[in-house]
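Let the hints inform the model, and build the full structure from the sequences given.
Chains A and B, in that order, are what the protein sequence lines are.
FYI, the UniProt record's numbering numbers position 141 of the first sequence as 141, with every residue one higher than the one before it.
FYI, the UniProt record's numbering numbers position 82 of the second sequence as 82, with every residue one higher than the one before it.
Hints in this document: simulated from the structure, not taken from any laboratory.
Idealized CB from N, CA, C, for every residue including glycine.
Please note that a few of the clues may not be correct.
[Unchecked claim] Listed below are the simulated DSBU-like cross-link pairs for lysine-lysine, each with C-alpha atoms no more than 35 Å apart in a straight line: (1) B/Lys56 / A/Lys86; (2) A/Lys21 / B/Lys56; (3) A/Lys21 / B/Lys28; (4) A/Lys28 / B/Lys21.
[Stated by the list, open to error] Between beta-carbon pairs, the in silico distance windows are: (5) A/Pro23 / B/Gln84: 38 to 46 Å; (6) A/Ala104 / B/Asn149: 45 to 53 Å; (7) A/Thr63 / B/Gln46: 23 to 31 Å; (8) B/Glu131 / A/Glu186: 27 to 35 Å.
2 protein chains.
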Amino acid sequence: MRAENAIIVEPVARLIEELSKLPGIGPKTASRLTFFLLRAEEGQVQALAQALLAVKEQVRFCTRCFNITVAPLCPICQDTNRDQSKICVVEEPLDVLAIERTGAYRGLYHVLHGHIAPLEGIYREHLKIDELITRVRSEPVDEVVLAMNPNTEGEATAFLLLRDLAPLGVRVTRPARGLPTGGDLEWADPETLGSAMQGRREL
Amino acid sequence: MRAENAIIVEPVARLIEELSKLPGIGPKTASRLTFFLLRAEEGQVQALAQALLAVKEQVRFCTRCFNITVAPLCPICQDTNRDQSKICVVEEPLDVLAIERTGAYRGLYHVLHGHIAPLEGIYREHLKIDELITRVRSEPVDEVVLAMNPNTEGEATAFLLLRDLAPLGVRVTRPARGLPTGGDLEWADPETLGSAMQGRREL
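Encoded structure:
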């Protein structure tokens, strides 16, 4: 890369480097984006830079559920029409959006901001678990939906939460497992097909 | 998307929108990047925003070869050790980097900033072709290497340039076509294999 360092001018090299730090963006994609931005209108690049700064300045986490917000409480926690007796626990703010998009849930949320992953150094204390327990103790909650990702880390996190929630006398539920809509039974992995068969329902 | 608009706060929606304008980044990737940046350290986000602004403020195109630069002339045009008798014509500044990386060329460059594509409304006058002709007329050039992309648009552009360059009495060359190193003959497309057979060389 010696020849390259000599001929890539510093601001370009720096932008490539900063873009490469983003998840899923390697050096090649970062170069491609940089050369696109070099030729883009100045207004577009400034709008992007300002959007980045605005997000850091204005966006915070909801003091109650840790979803993203600009006010102390997020729009969902502010909405008194939501069912205050249900809390759906998710790993990330994006999961809130995914569930909202279905229109199938009208309760509140609680964002853990990750999952238990000892190998990555992510333990109980790094997640918003104590905050969830406090909410369940102090709010009129009768159901906690554990909507962690259906993978190993999600399962481990749900298991840990179940242990903490069981003594509090709330109903703890999980979204159903089964065949994805539009999927092909033939291509379902055995785990998914097994869950679907076990959870079969009368028509 | 109604429910979503209500719960995605404005600065977040705006950053997702701005990121979605980048090539190869759809709304899903833009969301993922946004939520990553929300959790990233403030310094990292500021560094990215500043790198964006710096690129637009400081980087311009070389007045001679139209490569990227911060000075009026790019580092390659400034380098008097480069062979001043050769100009390699490429479509994009990234192509300069790709050729430099090989270490197999020590002449100058000329960046066209695109290729002829009438269907996309890109004609001769949108490219730095007149500037190339002026250089060939006024500089001590004896070889012009047409290193456009080996595809239809690149071929069309090379053909057009050849017609303009022929009367000027310079040698016009193209990089060799053939089997890519590490490739498998069995999987080569007929076009590539045909070029390789036609261009076969004595051992």
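Violations among the numbered hints, reported as their numbers in ascending order: 1, 8
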